[in-house]
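Protein chains in written order, with this note's numbering: chain A, 1 to 355; chain B, 356 to 710; chain C, 711 to 1065; chain D, 1066 to 1420.
None of these hints come from the bench; they were simulated from the model. On a predicted model such as this, the values are computed, not experimentally measured, just so you know. Misleading hints may appear alongside valid ones.
As the list claims (entries may be wrong) - To give an idea of the chain B side of the interface with chain A (calculated C-beta under 7 Å), a few residues:
#1 I564
#2 T613
#3 K614
#4 A661
#5 L664
#6 P668
#7 I691
#8 K695
#9 I696
To be verified - Straight-line distance between alpha carbons at most 25 Å, and here's what the computed BS3-like set of lysine-lysine pairs gives:
#10 A:K57 <-> A:K200
#11 D:K1417 <-> C:K1064
#12 A:K218 <-> B:K709
Said to hold, decoys possible - Listed next, the stretches of chain C that the computed footprint assigns to chain B, with coverage defined by at least 3 CB atoms under 8 Å from CB atoms of chain B:
#13 948–958
#14 985–998
For every residue, glycine included, the Cβ atom is placed at its ideal position computed from N, Cα and C.
There are 4 protein chains.
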Amino acid sequence: MTAQRLKIGCAGLGRMGKRHALNFLERTPRAELVAASTPDDSEIEWAKVHLAPYGVKIYKNYDDMLKHEGLEAVVVASATAVHAEQAIKAIEAEKHVLCEKPLSTSVEISQSVLDAANAKPHLKVMCGFSRRFDASYRDAYNKISSGALGTPSVIRSQTCDKLDPTGFFVAYAEFSGGIFVDCSIHDIDLTLWFFGQDSKVRSVSAVGITAVEPDLRKHNDRDNAVGLVEFYDGKMAYFYASRMMAAGQEDTSEFIGTKGKVTVNAQPQLNLVQTFDAGGIKKEIPQHYYDRFEYAFVTEANEFTASVLEDKPVPLKLEGAVQAVRIGAALQESLITGEKIFFDESGQRVQKNKL
Amino acid sequence: MTAQRLKIGCAGLGRMGKRHALNFLERTPRAELVAASTPDDSEIEWAKVHLAPYGVKIYKNYDDMLKHEGLEAVVVASATAVHAEQAIKAIEAEKHVLCEKPLSTSVEISQSVLDAANAKPHLKVMCGFSRRFDASYRDAYNKISSGALGTPSVIRSQTCDKLDPTGFFVAYAEFSGGIFVDCSIHDIDLTLWFFGQDSKVRSVSAVGITAVEPDLRKHNDRDNAVGLVEFYDGKMAYFYASRMMAAGQEDTSEFIGTKGKVTVNAQPQLNLVQTFDAGGIKKEIPQHYYDRFEYAFVTEANEFTASVLEDKPVPLKLEGAVQAVRIGAALQESLITGEKIFFDESGQRVQKNKL
Amino acid sequence: MTAQRLKIGCAGLGRMGKRHALNFLERTPRAELVAASTPDDSEIEWAKVHLAPYGVKIYKNYDDMLKHEGLEAVVVASATAVHAEQAIKAIEAEKHVLCEKPLSTSVEISQSVLDAANAKPHLKVMCGFSRRFDASYRDAYNKISSGALGTPSVIRSQTCDKLDPTGFFVAYAEFSGGIFVDCSIHDIDLTLWFFGQDSKVRSVSAVGITAVEPDLRKHNDRDNAVGLVEFYDGKMAYFYASRMMAAGQEDTSEFIGTKGKVTVNAQPQLNLVQTFDAGGIKKEIPQHYYDRFEYAFVTEANEFTASVLEDKPVPLKLEGAVQAVRIGAALQESLITGEKIFFDESGQRVQKNKL
Amino acid sequence: MTAQRLKIGCAGLGRMGKRHALNFLERTPRAELVAASTPDDSEIEWAKVHLAPYGVKIYKNYDDMLKHEGLEAVVVASATAVHAEQAIKAIEAEKHVLCEKPLSTSVEISQSVLDAANAKPHLKVMCGFSRRFDASYRDAYNKISSGALGTPSVIRSQTCDKLDPTGFFVAYAEFSGGIFVDCSIHDIDLTLWFFGQDSKVRSVSAVGITAVEPDLRKHNDRDNAVGLVEFYDGKMAYFYASRMMAAGQEDTSEFIGTKGKVTVNAQPQLNLVQTFDAGGIKKEIPQHYYDRFEYAFVTEANEFTASVLEDKPVPLKLEGAVQAVRIGAALQESLITGEKIFFDESGQRVQKNKL
């Protein structure tokens, strides 16, 4: 006799795909990674070494993987450009879906995933906003939710990557949707989480610069940007996104209530070590997003699995993922045009004087 | 034989006036506080106890104090509404002037102090932006100036006061010029310091809320506000000002260069004590602005005195004080109208489409 | 085809036993928990729910488990009193052994485990000093080993438990070997790791008090103790152990070299959250040892498994576990007698004047 | 009319003497530095520039200074070897005395200062243990005194100097009394303060090494030492002193009560600046004792002055200064002999078996 395990396949075996595949293989006891797909030959070679020996079937074609005997769920961890298409195909094939963020850089395409999911309410479809599964963010959320810190009113949150001196992110910017859709989407999701999923945006405005990589401008992007989001219920949030941090990944958030505040990662750190030498006291910090959020991804895999096996709601609603893209895309537009953008309470864009 | 000491008078003996008077009396060895003026009877009583016994002459009338035999300099520490008038009178009476910030909440009146000072270049006239004299900000400035952290490109700075539950600041808002002119003026001054006094503003935008004190709206003010300032040379700054901090004064700044950053007060603290009890680890933080910057005010008094005695330039130019009011007032306007405001490179306001 | 997995059984399903069992079941992909044993009925009930459904066979009798078909290794996580006996039985039954610390509270019995292991050099026998597997301690070790901080010369290390108001630890003291053998054993092991396994003790001295639990004296124990260990090569270490921390678990270490130092956990923390409220800034800290070292135990399980499967040396030598008990027991004796104890370079106890 | 000011003279103008002289001249408003003495010609030259212009009379001979017209008090800031002699002479000349620590490295000579002071109870005689005037230690003391953290039971405290690569401290060790008398005396004084001045020592033991400066052994000193002090009332303290810190001055204390603890300077820092660069996050720390405690010395000067002018008890009793030397000297003896030293409740040394 054995306990039931969720048979899942992983779409995409790039940087994040490998991590998701291994997390489902090794660190999600109630799941069984049965398949993985990638069109990339070198990724297939990797899979032959790291996945196949444990009984994972490797597919070159995603559609073939969907037909894998007994497959119940798919984690979509491929390039952003195919997230939506693969998610929709999986839904149509009656698979549960955990989709990496964002659903798409396009609001309309993101909405189409939501529509597909809504048509199959018996399936669990979740967009993987990893910070929702981070122990520190959850502790912060509980503290805010307790009411002890009053009404949450102002949020400051940033997603700041270490400078990649290869300039990789210039090419990447062509498809990323821009810094607000690629990076700040996490901060936007946190804001919707802490302020409430139904928060209505009144205005967005943004400013940005290219301090290290002027070529980003040709893809309508910036390497540093600040965005300001005003909500209808007397709340506001402001976001900073950057590609040029020197020390490492700096993802810091502040949730400010009328009676107190909580911060998450106000003092970044790699671990509990401090070095004292002639320069003073030093602490290292995580170098990349995954260094910081590795265990959140493991929790995400475990909780998605539990949601399916126990037929419980997934921990975060898919509607929020569409709303986050909507806000991110508006900030990106404001960043490029320099214009402030206003919305009425129904979410329609309006001229300021029509408010 | 004694070394020369600067004979100075203090205008105003309110909260800040008392501090300035005592700093010049007791902690500025090269100055001699010879006079103080206040129209307020209770302040005069205080002065009889704390100043008069040490040879300080007390005046009920500012104009009379200006005629004090041998008076060389005046520290203007009265209500903001009379800063400019008293400073100009002192200049006209051939006194050196250290004026509390802001010169005025009005750009034009601020400019009139600058004009008066420019007409008497032999006099030292300085606006007291206390953070310029804080050891931590100076250390940060030196680190940025060294170039080791690359080009300073993004500044985040906040001036956040502890909530005063008496609601005093509502009445105060009638004359304060608003939260950006009263609080963020410090952050604006820091920005001009770190980016360079000649930095040209391209746009400002701001959003605010009244989370704890809706009555502020009748004075066109807010209790929490975020402002975004874009400069012409590919730099930007963003400011947060608040009247509702629970723990105490939280004045934090971040100066972000292309190769690294420095933070000042990212972890506020009252002193070096930590308490471990059943709730975890606790640190107290300064309750008020003066708790945080007391020694900066002492340094300010000493350096202003040295500038006069040694006929050296004052540590910060008076032009900057006018520019800071200009930016603060524009942010305050944007906060209230909701409109983004644009400037051309000559500093004139323009429509976006005229840029 | 599947990759080879280590068939392991868990002896003991008390507090630590449950954790080891689940770690081998769920978080050690290369191991397969096939069996578990406990004489305790309530633990057997727990195992029926949490282990049996996944194919783990439950035994009431340890000797029976040792005969489990195909069993290759045992994790001994039972009461300290039976650690040695069970470890030796497993060795004699040709099983690899991961034994919880300490091997025994008796130096002689600890040595008997080492003797048994030495007689079967083809078996992997390891004592689980969890801090050796903690990412922060490993980072600290690498930094010290690099030589950049000079010769490690002084170690300060503490194992301080949160006060258990039930007084459980009084009864526990009867069998624990005392606070230096039960708690400081970790700090002693760290010292042997960082100073080198062959470090020779010259003297030990210790002082202790019963600040919260005078009844400990009847078991020759204390609730707070400080021990001092002098080594022959011009190094020294000092340890603090306590049962009365208010805030939580405080296990802090400092490794001081001639050119710098590293600290581990000098600022304890539960996670990356800070709360700002009227009391100042608060951070919570881990409440118990396992909260702090959970992932170290997972790493320990994985690395022990890899050592066996790949026939590599285990990460820490069993000799060290005996040496640690030897030092801990000497400290405990000094704590109770008040006498300083001296050793010659061969490790024999001598009178001071015989050195 | 002027308020009364204390006429004080400064004995010694070496490193600490200059600081005391300037503190009384410039930062002690109720005192008037009227005289200073030093036999050293270069110090006299310094005094001509920095003191004489402000009306301070400079003496080459201490005895002559004592006869200065109107002199009321003396701050003894000369070499330790003459502290006691100068203090006693001042007392005999009817002057109030603030004496730098220690009174002497000899218990007997220290006692002779106490005897002289006791013979003239109308005079204020204080030994300058600077940490008693530090805002953080005072805050810690208030927190402990409030009782909220239970009974203070264990103290850990360290005085650790930055390595002086010139090896100056080897020559200095000839007269310093040794590392426990020179450095740990502060920690001992803190212990007597927090545990109560009447705490009775039961035993002391100490161990030390010469990790960087073996030549210290010829002066019976060590460059790193740990001492353990056991008290009769179920309390204990342990001290670490070092001359080899790489990062700067590290004076950390921990006061552990039965319900919680306070730490002072557990995270040393020069100021509120943090630098983020490719190495991570860096904080600088104070380089020397005076960097850390500058404002404590200013407070000390002001409070001593107030005690005299207002005829109030000095903030710390002179008896404590003798007791601190007594404990320090015993620790130093234990450090060198390796023997643990026991005392009976009357403070007499005894054999262990006589307790």
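Here is how each hint holds up against the structure:
{"no.": "1", "hint": "I564", "result": "holds, 5 Å"}
{"no.": "2", "hint": "T613", "result": "holds, 5 Å"}
{"no.": "3", "hint": "K614", "result": "holds, 5 Å"}
{"no.": "4", "hint": "A661", "result": "violated, 30 Å"}
{"no.": "5", "hint": "L664", "result": "violated, 36 Å"}
{"no.": "6", "hint": "P668", "result": "violated, 31 Å"}
{"no.": "7", "hint": "I691", "result": "violated, 13 Å"}
{"no.": "8", "hint": "K695", "result": "holds, 5 Å"}
{"no.": "9", "hint": "I696", "result": "violated, 10 Å"}
{"no.": "10", "hint": "A:K57 <-> A:K200", "result": "violated, 45 Å"}
{"no.": "11", "hint": "D:K1417 <-> C:K1064", "result": "holds, 19 Å"}
{"no.": "12", "hint": "A:K218 <-> B:K709", "result": "holds, 23 Å"}
{"no.": "13", "hint": "948–958", "result": "holds (count 4)"}
{"no.": "14", "hint": "985–998", "result": "holds (count 10)"}
Violated hints for the displayed structure, listed by number in ascending order: 4, 5, 6, 7, 9, 10.
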